[in-house]
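S.K.: Generate coordinates for the entire structure from the input sequences, incorporating the hints supplied.
As you go down the protein sequences, you meet chains A and Z in turn. Each residue of the first sequence is one higher than the one before, counting from 1 in my numbering. Each residue of the second sequence is one higher than the one before, counting from 1 in my numbering.
Simulated from the structure, these hints should not be mistaken for laboratory data. Owing to the predicted nature of the structure, the values given are computational and were not obtained by experimental measurement. No incorrect hints appear here.
When chains are identical, the list treats them as one kind, so a pair holds in a single copy or across two.
Under the rule of at most 25 angstroms between Cα atoms (straight-line distance), these lysine to aspartate or glutamate pairs were calculated in the DMTMM-like manner:
1. LYS81 x ASP66
2. LYS59 x GLU4
3. LYS59 x GLU17
4. LYS81 x GLU4
Number of protein chains: 2
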Amino acid sequence: MTIEVINLADKFSNFTEHWQPKIVAQMNDYHLKLAKIQGEFVWHQHATTDEVFMVIDGKMIIELRDGFLNLEEGELCVVPKGMEHKPAAVEECLILLIEPAGTRNTGNAEGERTAPADTWI
Amino acid sequence: MTIEVINLADKFSNFTEHWQPKIVAQMNDYHLKLAKIQGEFVWHQHATTDEVFMVIDGKMIIELRDGFLNLEEGELCVVPKGMEHKPAAVEECLILLIEPAGTRNTGNAEGERTAPADTWI
Chain A
1 MTIEVINLAD KFSNFTEHWQ PKIVAQMNDY HLKLAKIQGE FVWHQHATTD
51 EVFMVIDGKM IIELRDGFLN LEEGELCVVP KGMEHKPAAV EECLILLIEP
101 AGTRNTGNAE GERTAPADTW I
Chain Z
1 MTIEVINLAD KFSNFTEHWQ PKIVAQMNDY HLKLAKIQGE FVWHQHATTD
51 EVFMVIDGKM IIELRDGFLN LEEGELCVVP KGMEHKPAAV EECLILLIEP
101 AGTRNTGNAE GERTAPADTW I
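M.R.: Here you go:
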């Protein structure tokens, strides 16, 4: 049996750092990534791809240029390609991201918050 | 604000039928679908795509030709393209599927269990 059953809680227990997405699965040329977030991230956009945010535990905010999205556990949204957004969380929040393999966490805003896009757990 | 925050529980409350996936979001050319399942589905495979199964509530079984995968709430797996599989659930189980838009639920086994692949909720 070569198919791994991925337990999200187990995977989340493997790391503590914030804003550093970890790959847990690949579907075709897409990655499913887990991240722990707290505080404010940076404004950025992904010019070539939509991005799914799903909250597994906690609450997050996605600031857009014209408003805010508030997501809680069991909620998801799709940020369209090219749309500037700034994720944030007041308290630690655990999220699942779905995006093409190789997608940079900071999109067009490469800098000190840029994390490796190839770290599996 | 044109981005919908999708609450999975709310979406699941919109339908009752089993084995009829409903689209809740699109990311690039992929769909995120919700399904309620109970009982045994049919053996099938998807020749051109991997498929993500994530359990939102309950327990499911994915029978493979060489064994079984048991998935519970908070767990997911990726069934590789071309791999025959038969999903099942003893009691009703609520799942999230991720696959390319237009993917047929019965894959190569079109028949009476085939559901529309374009139903949004």
